[in-house]
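Chains as they are written, first to last, in this note's numbering: chain C, 1 to 457; chain Y, 1001 to 1340; chain Z, 2001 to 2233.
Among the hints, a few may not be true.
Said to hold, decoys possible - Which residues of chain C face chain Y? A few of them, derived with a C-beta cut under 7 Å, are: (1) Ile185; (2) Gly200; (3) Glu203; (4) Ile204; (5) Ile233; (6) Trp240; (7) Glu242; (8) Phe428; (9) Tyr431; (10) Ile432.
Just so you know, the hints here were simulated from the structure itself, not pulled from any lab data.
All values derive from a computational prediction rather than experimental measurement.
For glycine and all other residues, C-beta sits at the position ideal for the given N, C-alpha and C.
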Amino acid sequence: MNNLAHIWQSHRQAISILVMVFLLAFVGINQSWVLALSIFNLCLISAIMALGVNIQWGYAGLFNIGIMGFAALGGLSVVLISAPAVPVAVSAGGMNMLFALFLLLLSIVLSVYLSKHKYNKGWVVLSLVAGYFAMRYFYIDAAQAIEAVNPSKTGYLGGLGLPVPLAWLAGGLLAAGAAWLIGKITLGLRSDYLAIASFGIAEIVLYIIKNEDWIARGVKNVTGLPRPVPLEIDLQQSPWFEEMVLWFNQSSLSLLTEAEKTKALSILLSEYSVVFVKLCYSSLFLAILVALIIMANLAFDSPWGRKVRAIRDNEIAASAMGKNVKRQHLQIFVIGSAIVGIAGALLVTYTGQFTPNSYQSLRFTFLIWVMVIVGGSGNNFGSVIGAFFIWFFWVESTPMGLWLAETVQNFAGTDNGVSAFLQDRAHFFRYIFMGLIMLLVLRFAPGGILPEKDKKL
Amino acid sequence: MPSFDNILNAFILLSNFVLLPALTYGAQLALGALAVTLVYSILRFANFSQANNMAFGTAMAILLTGFFQSQGWTISGFPTALLVIPLAIVITIICLLLTDRWVYRYYRINNAKSITVVMVSIGVMFIMGGLVQLIMGPEQQIFADGARFIWTAREFKTFSGLSEGLALKTSQLTTILLALLAVGLVFYFLQKTKVGKAMRAFSDNEDLALLSGINPDKVVFTTWLLVATLTTIAGVLFGLDKGFSPLQYHLLLLPVFAAVIVGGIGSPLGAIVGAFVISFSEMLLTYAYKKFFIYLLPTSLEPDSLLQLIGTEYKYAVSFVILIIVLLIKPTGIFKGKVL
Amino acid sequence: MTYLTGKNLFAAYGAVPILRGCSVGVNRGELAVIVGPNGAGKSSVMKALLGLLPSKGEVLLNGKDISALSTQQRISLGLAFVPQNNNVFPTMSVVENLEIGAFLRHDDYQTTLDEVYTLFPILFEKRRQLAGQLSGGQRQQVAFGRAMMTQPTVLLLDEPTAGVSPIVIDEIFANILALKEANKAVLMVEQNAQQALSIADKGFVLVAGKNAHTGTGKALLSDDKVRRDFLGG
């Protein structure tokens, strides 16, 4: 027993990865490989999000509970950048909308300028209020005009039709911008103000996305977004793919007759094309995740990272030594949020649709935090491991819950109120379950699965 | 110059659609904000589970209401919920005390950083949210029974002879009376009683309070009693007024926190003033003033647009914007709360 | 044997020993002063006597061992402490501050309140004002008053003159002498060693957690070695 604990202590990382591989293989063999791969892909995206949050929490103790909002901004940018434009809508209200936004921006810039130069607060307020009304004057007509263009299919401006990777970058930038705004206002004040403000901005971002149909069709969703990997149907028709499938299944196919072979091949082709596409995504996401982790670790070991650690370990001493704590925290908050934004963009690219109603703080903000804490707050690789485990259990908890309900049913006979209730409300158990995991880890293993070395909290 | 009748009509219109609802909503927020500020000043963390605690208290009241109705124990004209509030409070008290015992106490004893406790309270928030949805389901529920109005808009019109009516809903009257009573009692308790003063002392200077022989466990216990009571009342009143749905309660967190910070975090009076600042801003900014100005302006100047400053769908955004403005201009809030 | 005695006190902050067998004591109607260089453990002695700092050694009050008791129990036995900083409840009125002092009492504390007002007339004048709005010296008086409301037999004062102006220092020393006249045992830690020893009945010079010199205030003041090492000539 002691020996086992010792092995665990010294090989936490390797064991965690092994367990994860085993779990995914288990799902692949017993359920399906497609499912295993989609769990794996979402694990990767969650891991990127968790990494962003972990940088904020682990490097600077910043408590961001607006993850949902930053992820949604990332998702939104996929629509704005890579969706095809809707020329009719653009000509109907594009200019007016642009002008309205320009006016708003102008008034904000003006008010910031006025307040920086110690003008009377009245002028600042006046410039903002005037800007708001001027913006609204153009905005209302523009929004109506845009939304009136073929509302069942478009009713929005569409995007710029640019390549998808640009959208990811833009997702990071958009989230970074929002983070900069909040950070600028709340950092340097009480530490929970940042939490409250980030919670607030996330809700507001979603209100805007849901209600301003001209941006991204609101709750009508944008579907069929362009993707960076081939379509399944194209794969099935390309000769090289068919050859590859044939090569993989040489032995089994050779036993069949010609007629059977054609039929089996078409089934195999469709199966393989789905797996292939998922694998494309996996390698893409994995590459991004690995690149981000390497960059994060390099940054942490750089002179910049030393400063970060100095401030984290003793904020008061660091600020006494002339280190600008607030600026440092702002940088870290912006970087972390940008990573969350990128992950949000990846998610939308992966699902191919932008559905504002799917953004719920329970699913995004909270779940990501559980991942960070379980994985080992402060440890970049730990948050990846946490993301894997938590996402895995999050997805598999529904089959587990149903299995539990069935067991109750079999055990107690058919007509049983308890099992019906369990089946009906099973998914709410997940929140309670995840909340319990979070509290238990915080209390009894605050370091998580992979505790950060010599960390002071 | 508009006639006196028109001015009166304009005022009644505003009262019916803005002032009275804002007063009601403000009172509900105030109770929630008071609870947050009490937890903040005694237990020293921002309690993110406040809104979901309110949902829990309300859920208990709804279950009890169902039971009372089935037994025929109702009060004529008024919602049954009023009858069950004391019982719902007791259940919420037990729930919060258990949460404290199992969760928060450990961090208090170990002098954990405040941000750690905030994180813990978010864990509690999700457990409570899950629990409430598990019990009640995610759908909206209306549990207000009894008469809907004390007097209707039509009754008011016939009585006053004006063309605008000012309706008074039972839920509005109940909210205002009960909130006044609750806030009055809390302030009396804090200002005049020995335990209340001990709580204030503890909030002011914990070490000195301990050196004066104040028992911290008792202070914490009393705080949770007050907090659970305020939380349940706030939740039930909000639910009577607007119906109960877990998500809507979850979203209350933003206006409640905004109220606390606007008023000055840690200041009970600030929480109440902040709540009304939030509620009135929300209502005044999202109301469409077209009809109001039709009464006041000559026909030639009659407005043709809705004259709405912000769409109703953004009412939660109002509290956020006010919160940001306060943080920019005066982070201590109106009543000089604790900033650092 | 004195009324309050700390004997052979040992304590540490983590691995760093802070008290290494020091002994102090004070009788009723007597003023004892603890002086010494920074880091000698002066304030720690107070904390050990109050049970705020876990320590080894004996703490005796009126001959009874109280070293196993909690801070609250010691307070209820007649110990009172006036901290150096943050010694009032700033958002409570002066009279409420004093009432909190009487928190553990169940009898009528009006007479004690009157005594405090007689001793510090300014507090009566400002009794409705918030303590946070008072001047430093007045706050010190509120802190003394609050301590007196517990009807203590022993008063422990932690650097009562730190950071106040010279005029106020005189005022505070006058207050302390008044407390002594009221038959309290007063033990204080003081930076301002010269002035403190000149009014003290007894002095303890602490160095590195141990008693370096012990004696009456006058004797210590006239001791050349003490003067040279600790009083700057």
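Now for the hints, and whether the structure bears them out:
Below 7 Å, beta-carbon pairs count as interface contacts, and C/Ile185 has one with chain Y at about 5 Å; its hint therefore holds. Restraint check, C/Gly200 versus chain Y: the minimum CB separation of about 4 Å is within 7 Å; hint holds. At about 6 Å, the closest approach between the beta carbon of C/Glu203 and any beta carbon in chain Y falls short of 7 Å, and the interface hint on this residue holds. With a cut of 7 Å, the hint placing C/Ile204 at the interface with chain Y holds, because the nearest CB-to-CB distance is about 5 Å.
With 7 Å as the threshold, the beta carbon of C/Ile233 stays out of range of chain Y, its nearest partner Cβ sitting at about 37 Å, so the hint is violated. Taking 7 Å as the C-beta contact cut-off toward chain Y, the hint placing C/Trp240 at the interface is violated, the least distance being around 49 Å. At its closest, the beta carbon of C/Glu242 sits 47 Å from a beta carbon of chain Y; the interface hint therefore is violated under the 7 Å criterion. For C/Phe428, the shortest C-beta to C-beta distance to chain Y is roughly 4 Å, which falls under 7 Å, so the interface hint holds.
The closest approach between the C-beta of C/Tyr431 and any C-beta of chain Y is roughly 3 Å, which is under the 7 Å cut-off, so the hint is satisfied. The beta carbon of C/Ile432 is positioned within 7 Å of a beta carbon in chain Y (closest approach about 4 Å), and the interface hint is therefore held.
Consistency with the previously given hints fails for numbers 5, 6 and 7, ordered from lowest to highest.
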